Amino acid sequence: MPAGAVPDASDALGAHINHDERVVAAAIAALPGIGPQRLRTFIGALGVMSTWHVVRGEVRAPAHIAAVLQYDNLHHVVRRAATSQLLDQMAESLHAGNIRVLLASDAEYPASLRDDFAAPAVLFARGNLAAFTNRRVGIIGTRAASAAGRHFARQLGSDLAQNGVSVVSGLARGIDAAAHRGVISRSADDDDTQRDAPTTTGAPIAVVASGLDVVYPREHAALWQHVAERGVIIGESPPGCAPDAFRFPLRNRILAAVSEILVVVESRATGGSMITVEEAAQRGVTVMAVPGSPHSETSAGTNALISDGAATVCDATDVMVALGLDHHRHAASSDARTRPLPADRVVLDALARRPMTFEQIVAEVNLPLQDVAMSLGRLDAQGWAVVNGGWWEALLAMRAATTV
Amino acid sequence: MFATVRSTTLLGVVGRAVDVEVHVGVGLPGFTIVGQPDEVCRESRDRVRAAFLSRGFAWPNRRITVNLAPSGERKGGAGLDLAIAIAVLIADEQLPPHVAERLAFVAELGLDGSLRSVIGAAPLVAAVRDHRVVVARGNVAAARAAGAADVVAARDLAHVIACLRGDDEWLVDTGSEAAADEAPTPDLADVRGQPVARLALEIAAAGAHHLLLVGPPGAGKSMLARRLPGILPALTDDQALSCTMVHSAAHVSMSTSGRVTRPPFRSPHHSISLVGLIGGGTSAMRPGEISLASEGVLFLDELGEFAPSVLDALRQPLEEGVVHVSRARTTLTFPARFLLVAAANPCPCGAGAPGVCVCDDAARAKYVRRFSGPLLDRFDLRVSVGLPRVDDLVDGGKGETSALVAARVLRARAIAVERNGTVNSTVNGTVNGTVNAKIAVDDLDTVAPLAPAARALLRRELEVGRLSGRGLHRVRRVARTIADLDGAPEVVGESHVATALQLRTGLGVLMGGR
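Protein sequences, first through last, are from chains A and B.
With my numbering, the residue at position 201 of the first sequence is 235, and numbering never jumps.
With my numbering, the residue at position 127 of the second sequence is 313, and numbering never jumps.
Don't read these hints as lab results, they were simulated from the structure.
In this text the structure is predicted, and so the values were computed from the model without any measurement.
For every residue, glycine included, the Cβ atom is placed at its ideal position computed from N, Cα and C.
Careful, some of the hints might be misleading.
[What the hints assert, rightly or not] Residues on chain A that point at chain B, a partial pick, calculated with CB under 8 Å:
#1 177
#2 178
#3 275
#4 407
Pulled out of the complex, with its shape left as it was, chain B reads as follows:
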């Protein structure tokens, strides 16, 4: 008469456990689903019924009511199909009442009764990971990645029922755990010459500083940016799990292991919408590119071509590391701890260099207006990238490999963690990150004390008006990272500050040197 089966539904990037309650009773034959199902969920009725009939199960010609509890929240997705089918079978007494205890079902049903993979398997399964979770075979890897200990699969509805009756065995496909067949990340050795841009990448990786590359087309800005994930430190287990959840929820293809194992690299096209970048959506809230890039690199090529409103929306997540997406029904929080790398041409004609650039004043002024000042201000590193020199291209040897650079980055981060971790100031109620880019202003004197010569250099920059107060803090953080890369753990020296200043060119670089 009545049955409850555990399943789960997706809310943003988090799974929520759902109890599928089914009542089969007297009344006009009918099949209703209540508990705020969305369109996909409501269509479950037809899929479940068709699957029953095509597999030869009797469809109870009575009044069937399905309630998705807790009924106050909106449910979405097709992952509830299998749970509804099992609950109907139990309520109709075609299955014994207790077979589904300690089990959770996350799979979509085909009209022929087959089990299909669902979007967001990792966060879905994570919500019921203390259960034995039954999924489609395609979701086993993702479900394991989510940390569920007991994951089993089945071929189709008949197989599930046979297993529940004890007539058959679950598929316990261990899969190929170690098969990390991801495409190799591009290596820094491919970059010839470009010493300054290479250093900027290394500093960006070591201190988590946001990076703006300005240079003419063909200078290799995208090529450089794509090599940044390769020198970032490997993801910790927590980071990898968080990335996996987001990527799974957004249905972004991952390796066959079902896990995100490396810092992600996302480079959305400049036509991207606000919702596409930040996250949101009307029916199902979906994480945006900034969340997909969390713990990795968000690369915005042709920064000037992005809609200004889209770029301005980046400012809050850049500060907080998370993004709050509010809609009439819900407010969701997505992770957004990304490293921002942007590339831009120096001017509309792209040449940039004095005497070569053919843009007139009006065109140049219009171009510069496309960039939001407050956003540009958030780039600790602003580097101009020139065309590679012919000598480097033809005769130059290969550059340093990513592995060598990554080793230095790792060492610098270790130094930073050891030092910054001892400082316990808080920003916005959360303990500071240990990366140098997040050192609080109050802590700068403690963790990045300046040598007298370095102090004099900064004083002069302030006096001539090339550096603002905010710029000063950013330069000091970058200088701290350069010192860490140098293995100088105590005082930040003149050479570190001088280099940091050179890696933060004035925004006139966007005006063809004018």
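Bound conformation, chain A alone:
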């Protein structure tokens, strides 16, 4: 192609399009200068194929669209990018990443999103959209979470999944990842025990800001994969899209919109979680918060929510009741773990109060050091305690599970 030539200038109208509407929709989403807002305006007004022709300058745009295209010379930029190569590339990325494209008109497009006032015009999904047929609870919180916060999120995710609730979260570091790890641990058990039986475990739903083939943060690659296998990852960014900072608040609106209840586990007074809470409030989504110590910086936001009237979450039962589900019928799961020995019980009880280092445990329980070491080894092997960066945490059964 000669330098400076306008690409595909000789193509007849639509002659270069040998891809289906969804690929074209993805390509429009990938055009520079067209974010979720403009995408909704364009596709909402024109439909997918007409929008493609308009951005290529093959069809005259209606006045309000033309006004947008004039702004900042956008029409030159998109004209240059909207090539058949882009379509080919999109088709390939969608195929390689196993990514589906959903338009608002599709039956599988999540109903809760379709009715939203800021619904994504084009939604990308990887995994099984059946997850949206379950009850949905969002679990969110700070990336810089305390170990206790992450432990709680993990437990909550696990217990909600066990009760058939789909946990919605953002796959960020900290609380988000912990909640989904809890879900995964539960559905992994499911795989082991009753592979053929119909699963009643809630599938995870992840809402991400980057393209579905761009894992962010990188260390969550395995978790990302597990969520896609057992549930679904959705987002409105096209394949290959970087996790730009502006996409996170937009992602949060989708997260709020698909959740029936939003649980904030830990949050500082300001931050991404609080944006999600705002979005949830605008949509009438119930916001619940996990109370924390007034001294803990990571609970400042959740405590503020509670003082503003948010319901508290102390365990999965609180959420199940808010969902209007009979929790107790489901929760009667037996704890498969071996009962800890009486000697180990002392160590476990001490750990139940807060995470501790080995040294703190020795000082707390006042037992010979070697005995404590042996107890920790047994508790770890039986699954009652885990060590996390030098800090031991108890993995106790939650209140509901022990009382029923």
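Starting from the known structure of chain A, arrange chain B on it as the hints suggest.
Leaving out everything else, chain B in the frame of chain A:
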């Protein structure tokens, strides 16, 4: 016309005998020194001449040539001054030709003819210890410490000459041999509470395991580390001699006895340079802190603040026990059998504990990157040290004394020597050390067989991925030491392995528990 007098010069931490040859002959009056003298050595000309004149000796107004043999090696230091002066006097026939036979001179001359002490007297004298060695009075103790049998001192050049002529007596200052007036080492009894850190110190001392202490500021990491030399076994004569040589060569102050009698403790500041830590230098090669800490403890406080390049240089000496310093002219080998103790904060804010730490992810990740993984891997013991409990500080009694702990350490080492000494595997061509930290991998099954329960525990750690293959060997060595301290000489049990695992926390401890 010609004279040869024995003296010595310093090469790193080793003295080399030097023959000072002087020729006084016809020609234009002049004074040249050949045989690769360094700057200090060349300035000897002016000091010797001034000392002659101020003491009223005649300076030969002839051509004086001094050769320092063997002439192929570089000579340094002012310790040759006295030998040059005596050789000039003999060559000028102011002294009879044979007075300096079987004598060696190691002293610097002042302009007034007085004798001054030299740096590195111990290794210098050791090179000529079969001679009667004449030194300045300040060097007598060091010279004796070096094992020289016949050490004499003199006040000044005139006194030396008088003694050589038989007109006066050498000073044979016996000194106060037993006067070990070293500062008392701090005692473990001062440490309240901290049971885990105390145990870690004891294990480190008993098995020579390197130790990393992680904890918030004020937890007492430095306080603990300073008490480690006090529970190490006393130096053997060979070790003490080797330490004395290094300390003398580096001009590090020692007790008045001139000997290093206790395991040294060195804690260089974190701004230390590579050469400062490892050894080297441009003109005179000087031992670094790791050699000064040899046979003792090298304590690196605020490990994360050291330059990464400096820390990485520690890895080879840690493995080999010696450090080879190569420069364009020379390659020297310094001893480096030190026990490494390091301290670090758990995260930039220092709090570490979940919920209390205020560091964000980026700050924490940046902090962890400061630590070289391979170096951290070499710490057999990685212990988190918390703030002391209020109860321990206010109401707690004194802890066990260093003497009690040292007795247990000594017993454990004796057990280890008896057992490990029978195993004759070699590593890098040298027979294994007898300390547990140096047990070869091949010998672990022989000297540290595992009880079935202990084996099961380790298997699980490997399966869940918390332990690497290399980590496994380190845990087994530590468990061996714990068993030795327990007085259980045969099989390593479950409790020993469980404890060893607890004393090797994951590196997440440097990430505020995340």
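Against the structure, the hints:
For residue 177(A), the interface hint holds, since its Cβ comes within 8 Å of a Cβ in chain B; the closest pair sits about 6 Å apart. Look at residue 178(A): its Cβ gets to within about 5 Å of chain B, closer than 8 Å, so that hint holds up. Restraint check, residue 275(A) versus chain B: the minimum CB separation of about 22 Å is more than 8 Å; hint violated. Satisfaction of the interface hint for residue 407(A) is found here, the shortest Cβ-Cβ separation to chain B being roughly 4 Å, below the 8 Å cut-off.
Checked against the numbered hints above, the structure breaks only hint 3 and satisfies the rest.
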